[in-house]
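2 protein chains.
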Amino acid sequence: MRENYMVDMERGCGLALLLAIAAIAAACASDSNNICQWHGEVPKMQRRIIDISHAYRHDLPVWDSSTPLGSPVHLQHSFANGSLFNLSELKMGCHTGTHVDAPSHFLQEAYEEGLDVNSLDLEILNGLVLLVDTPREENITAHTMEKLNIPFGVERVLFRTLNSDRRLMWRTNFESSFSGFTKDGAQWLVDHTSIKLVGLDYLSVATYEEAAETHRILLRKQGIILLEGLDLDDIEVGIYVLHCLPMRLINAEGSPIRCILTK
Amino acid sequence: MRENYMVDMERGCGLALLLAIAAIAAACASDSNNICQWHGEVPKMQRRIIDISHAYRHDLPVWDSSTPLGSPVHLQHSFANGSLFNLSELKMGCHTGTHVDAPSHFLQEAYEEGLDVNSLDLEILNGLVLLVDTPREENITAHTMEKLNIPFGVERVLFRTLNSDRRLMWRTNFESSFSGFTKDGAQWLVDHTSIKLVGLDYLSVATYEEAAETHRILLRKQGIILLEGLDLDDIEVGIYVLHCLPMRLINAEGSPIRCILTK
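Just so you know, the sequences run in chain order A and B.
Read in order, the letters of the first sequence are residues 1 to 263 in my numbering.
Read in order, the letters of the second sequence are residues 1 to 263 in my numbering.
No lab work stands behind these hints, which were simulated from the structure alone.
No residue lacks a Cβ here, since even glycine has one placed at the ideal position from N, Cα and C.
Check the hints yourself; a few may be wrong.
Calculated cross-link-like contacts (lysine-lysine; reagent style DSS-like; alpha-carbon spacing at most 30 Å) [claimed, not checked]:
hint, chain 1, residue 1, chain 2, residue 2
1, B, K196, B, K183
2, B, K196, B, K147
3, A, K147, A, K263
4, B, K183, B, K147
5, B, K91, A, K91
6, A, K183, A, K147
7, A, K263, B, K263
8, A, K196, B, K263
9, A, K196, A, K147
10, B, K196, B, K263
11, A, K263, B, K196
Derived coverage of chain A by chain B (criterion: at least 3 residues anywhere in the stretch with Cβ under 8 Å from a Cβ of chain B; other residues may be distant) [unchecked claim]:
hint, stretch
12, 51 to 59
13, 68 to 76
14, 104 to 117
15, 120 to 129
16, 239 to 247
Make a model of the complete structure from these sequences and hints.
Next up, the structure:
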């Protein structure tokens, strides 16, 4: 059954541990083959955390602007000014750098229903994820999606595109020629996959030219969460555990988000 | 060995799964006792995500203020105003609601060294955590810490205090009589435990009266990360997996943070 192709390793972890203990005990109890020569402590597997969020650097590109971000934090109290502590204020657009879109970003009916970033499902934002490389010569069209052949059952996919090769998130100027989903690519995803979370490596999952309509196609299907501005450089394609935690901003249609992968 | 008392279940998860598969195979191969009557699919264990972050509600209390937060997001573009999308700006203090302190908050030398929230160690912010209830009649003093008897080897502890019973994070006015660490409680923690992350259920881990010096004691020991304003209501004490992801704010001495527990 293709739907069961990916075992949710994280959810099964506690169970796996119990099974391991029980089964090792069982194997040792009936150890006629002397297979049970394992002594000593369980070695710790080194879990590796990979940060796929960009820092809010002053030179981070900003959507449709030739002026980069600058600093989003400003000291209001400081030792330098005689205070007993440093204390900053934060001021930035909700769609700056690595961020998440809520349905209310492009759908007024969703805005009115309160489908803000605070309503995004943590069960979708956290779990197994597939990182794929897209063909470099094209946007993510229906044809591209068909070629990528993402198995049904996969719920979270990060698409690494030509944007990473071009290091667009490291340029100070916004670059409208970035790669992203076309309308028909988005429609194909909605119609033919079980994907509930899409991540991309520039400031929009949708191409510049078709941004509004493509977003609407993806956001209209309840539950598709869009991660934008991810840092996917220098990571092997494959399956990871994704943890993505946005701010609980009530009424906001977007939020800065920190995302990590563990392997 | 008390240091090895807590096995890092998350890091050991992949290994546990492999061990489970290998050991089940071994047990089945030598299944003279017919213990291996297990057929069919691995059942999915239901992982439960518990959100321990407060939403940025308009009525959230603000440090030392009788005026609550209000809305930190403001629409700049909206359908209502003829735009093709909604787009908000975010403006708030870096220590609002559920947030994390960096060493640079109370230590000028740390500020100069660049020990900002972007430098906080994701390995500490993510991993096994112990949730404890503190005695309700006292602040967290050296004596309290001694009584709590937190095993050496435990690196992350969330302290639920009288603040949760009093529902202080649900009051609009700041309440300076909240419970927290005293100086000697902080010093005891630094001297006698292996704790690298401390979480508390009001806007400061330290009492109002001793806030500055207590913070300095905790922040001075490299690596102690302070989570403040957590929502620890209605959770059983015990061991969980903690995931905490702050914003990558360069030069900021604090950041909003989203924290979840999984069980």
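Evaluation of the provided hints:
A threshold of 30 Å between alpha carbons decides the hint, and for K196/B with K183/B the separation of about 17 Å falls inside it, so the pair holds. Distance check on the hinted pair: K196/B and K147/B sit about 19 Å apart at the alpha-carbon level, within 30 Å; holds. Pair hint K147/A plus K263/A holds up; C-alpha atoms about 26 Å apart against a cutoff of 30 Å. Between the alpha carbons of K183/B and K147/B the distance comes to roughly 17 Å, so the proposed pair stays at or under 30 Å and holds.
At most 30 Å may separate the alpha-carbon atoms for a hinted pair to count; K91/B and K91/A meet this at roughly 4 Å. About 17 Å separates the Cα atoms of K183/A and K147/A, which keeps this hinted pair within 30 Å; it holds. Taken as a hint, the K263/A and K263/B pair is honoured in the structure, with Cα atoms around 19 Å apart against an allowance of 30 Å. For the given pair, K196/A sits about 23 Å from K263/B by alpha-carbon distance, which is consistent with the 30 Å threshold.
Of the pairs offered as hints, the one joining K196/A and K147/A holds, with about 19 Å between alpha carbons and a cut-off of 30 Å not exceeded. Straight-line distance between C-alpha atoms of K196/B and K263/B comes to about 21 Å, which keeps the hinted pair within the 30 Å bound. A hinted pair counts as satisfied when its Cα atoms are at most 30 Å apart, and K263/A with K196/B qualifies at roughly 23 Å. Proximity of the stretch 51 to 59 of chain A to chain B, defined as three or more residues with a beta carbon under 8 Å from a beta carbon of that chain, is established by the 7 residues found.
Under the rule that three or more residues need a Cβ within less than 8 Å of chain B, the assignment of the stretch 68 to 76 of chain A holds, with 4 such residues. Residues of the stretch 104 to 117 of chain A lying with their CB closer than 8 Å to a CB of chain B number 5, which satisfies the three-residue condition for coverage. Under a criterion of three residues with beta carbons nearer than 8 Å to beta carbons of chain B, the stated coverage of the stretch 120 to 129 of chain A is upheld, 3 such residues being counted. A count of 5 residues in the stretch 239 to 247 of chain A with a Cβ less than 8 Å from any Cβ of chain B is obtained; the coverage claim is therefore met, three being the minimum.
Hint check: no violations occur; every hint is consistent with the structure.
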